[in-house]
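Novice: What follows is the residue order along each chain.
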Amino acid sequence: MGLLALFRRTPPTANVAKERLRIIVAQERSARGGPDYLPLLRRELLEVIKKYVNVDPEAVQVNLEREDGHEVLELSVALPGGKRL
Amino acid sequence: MTEIIVVTSGKGGVGKTTTSASISCGLARRGKKVAVIDFDIGLRNLDLIMGCERRVVYDFVNVIQGDCTLKQALIKDKRIETLYVLAASQTRDKDALSSEGVRRVLDELTAEGFDYVICDSPAGIEKGAHLAMYFADRAVVVVNPEVSSVRDSDRILGLLASKTQRAEKGNGGVKEHLLLTRYSPKRVATGEMMSVTDVKDILGLDVIGVVPESTDVLSASNAGVPVILNEESDASRAYDDAVARLLGESLPMRFVEEPKKGFFARMFGG
Ligand SMILES: Nc1ncnc2c1ncn2[C@@H]1O[C@H](COP(=O)(O)OP(=O)(O)OP(=O)(O)O)[C@@H](O)[C@H]1O
Ligand SMILES: [Mg+2]
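So the sequence lines, in the order shown, correspond to chains A and B. For the first sequence, the tail end lands on 85 under the working numbering, and the numbers increase by one without skipping. For the second sequence, the tail end lands on 355 under the working numbering, and the numbers increase by one without skipping.
Hints were generated in silico from the structure; no laboratory data involved. Owing to the predicted nature of the structure, the values given are computational and were not obtained by experimental measurement. Accuracy of the hints is not assured; some may be wrong.
[Unchecked claim] Calculated lysine-lysine pairs in the PhoX-like style (CA-CA distance at most 25 Å, straight line): (1) Lys18/A x Lys285/B; (2) Lys18/A x Lys96/B; (3) Lys254/B x Lys212/B; (4) Lys179/B x Lys118/B; (5) Lys248/B x Lys260/B; (6) Lys271/B x Lys18/A.
One chain only, chain A, in its complex shape (with noise of 0.2 Å):
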């Protein structure tokens, strides 16, 4: 990198989206396969939880996991205060 290179440097960002992808790969992944109804699950979880509180979509997370023959179903919501519901 030259000199003027250093005056209107980008901020590096490829660990960004490396940790992005890492997520949203994962989650991709374990959907697949799975049942259709699980975005509609999410969708509607979300409406119900946003009754009582206020969160983001990103908030809540649904992911299949499948273990020796049985599969788990995981809901993971994140509250506002950090709190874990």
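Go by the hints and put chain B with the ligands onto chain A.
Specialist: Okay, now just chain B with the ligands, sitting in the frame of chain A:
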């Protein structure tokens, strides 16, 4: 044995056609008998990249619909003895390709003793992309070190693992490889671009090649000479390494690090 290799990506414009053209040339120039098929119905382009656009008389759909024989539609490359191109049709009818028809063409190429059939997939996850991958033994998933491309490749990997003949029959599935292209070691070094390792970690797949961002690719397509045939170019060397790896050789990855510069160049850029 004929090996069918699909070159696919999900996302458009990442370098599938560039890669199909170079890999086909690379294999053929090592003495393999190769057919490369453009599955991008309605958007024929491989013929231009291969430099045979004015020699297209019959296309893939003509063969499937019985308007001509496969032999009549295969365009023999003028540079490499054992290389043939099957052009996509310009029809707007997306249903012109049928699974049965594709199977018949692939069976005939097998009977004709082709070593490799390279299927240049269209972008997306619709019918054309599906048919391009359905009969594949192997897949080269072309990816750019960029978020949407990586995510789309993962969707394609999901389809390769479920919506292909090999997946359905349960005989080992399609063998998958990643090919990273438009890679800029310089931008990786400054932390602006994801590295080979980053992409490999996210997708959990072995990397068959890393092709650098190169101005030679544009001149190659301008001239209708696949970039692998430009011996001066790093992109050519990178594609040739990828071909060698496809054939089972193990080679160290080149062009993944920025060449060391002298003091002067470092201070004043370039
Ligand atoms: N290594 C590279 N360096 C620079 N430019 C490249 C490189 N590889 C591909 N390109 C450019 O990217 C563009 C898209 O390439 P190409 O047509 O091969 O992509 P594609 O995946 O087949 O696109 P589509 O999805 O439309 O079929 C072209 O302009 C090509 O010249
Ligand atoms: Mg293309």
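Novice: Now tell me, hint by hint, if it's right for this structure.
Specialist: Taking the hints in turn, this is what the structure says about them:
no.	hint	result
1	Lys18/A x Lys285/B	holds (11 Å)
2	Lys18/A x Lys96/B	holds (18 Å)
3	Lys254/B x Lys212/B	holds (20 Å)
4	Lys179/B x Lys118/B	violated (29 Å)
5	Lys248/B x Lys260/B	holds (14 Å)
6	Lys271/B x Lys18/A	holds (18 Å)
Hint 4 from the earlier list is the only one contradicted by this structure; the remaining hints agree with it.
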